[in-house]
Amino acid sequence: MNNRVRELRGASGWSQAELAERLAVSRQTINAIETGKYDPSLPLAFAIARLFGEAIEAIFTPDP
Amino acid sequence: MNAPQPSPRRLHGCLIAALAYLATTALCLWLLRQPLAEAPTLLRAGVSLLPVIAIGFSIREVLRLVRASDELQRRIDLEALAVAAITVGLGCLSLSLLVGANVLAIEGKTVLTWILPALSVTYLIARFFAQARYR
Chain V
1 MNNRVRELRG ASGWSQAELA ERLAVSRQTI NAIETGKYDP SLPLAFAIAR LFGEAIEAIF
61 TPDP
Chain U
65 MNAPQPSPRR LHGCLIAALA YLATTALCLW LLRQPLAEAP TLLRAGVSLL PVIAIGFSIR
125 EVLRLVRASD ELQRRIDLEA LAVAAITVGL GCLSLSLLVG ANVLAIEGKT VLTWILPALS
185 VTYLIARFFA QARYR
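Chains as they are written, first to last, in the working numbering: chain V, 1 to 64; chain U, 65 to 199.
A couple of the hints might just be wrong.
Claimed, not checked - Computed cross-link-like contacts, EDC-like style, restricted to lysine to aspartate or glutamate with a CA-CA straight-line distance of at most 16 Å:
(1) V:K37 / U:E135
(2) V:K37 / V:D63
(3) V:K37 / U:E143
If you are wondering where the hints come from, they were derived from the structure by calculation, not from laboratory data.
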């Protein structure tokens, strides 16, 4: 799955650690999501979407 | 919201449980060899199972650590646990086949004693590799 988490985080000016803090997950989880090594659970994906004020499908898209 | 981190209290709990396991193991080995060598079977059974109580506490502490971690950490723990269970299970099966074929001569007591330590060590090794995969 592809995602725009790194792009949105960069636009917000947050570090991985800051985003992790806001989502109550570890920095490793944010890094794994950004690098596409880990697909978040639905609740975490919704939390990410809510935090960035975007629709979930605008952030996470299936592989072509 | 705070990012989930293993609290020092929980880590202390794990350390205390591990120390309790070592202490009860040493104590029960000494008791069974010296003062309780000729004691009734029920008493010997009770004393010999003392380390299991400490292991129970350590399992509880590890479960608390896992519950305090986030979803990726839980996945890593689950993968490592699955790998450890399959590896040790296959190891035991291989040993039993070799013993059955009279290639090896191992006491059942020795194998039973080493299952939990083997599971723990294999879990730690598997966890290291699983963690590296998501880095």
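Do the hints match the structure? See the list:
For the suggested pair K37 of chain V and E135 of chain U, the alpha carbons sit about 14 Å apart, so the restraint of at most 16 Å is met. As the CA atoms of K37 of chain V and D63 of chain V are separated by approximately 13 Å, the hinted pair is consistent with the 16 Å bound. With a C-alpha separation of about 15 Å, the suggested pairing of K37 of chain V with E143 of chain U holds against the 16 Å cut-off.
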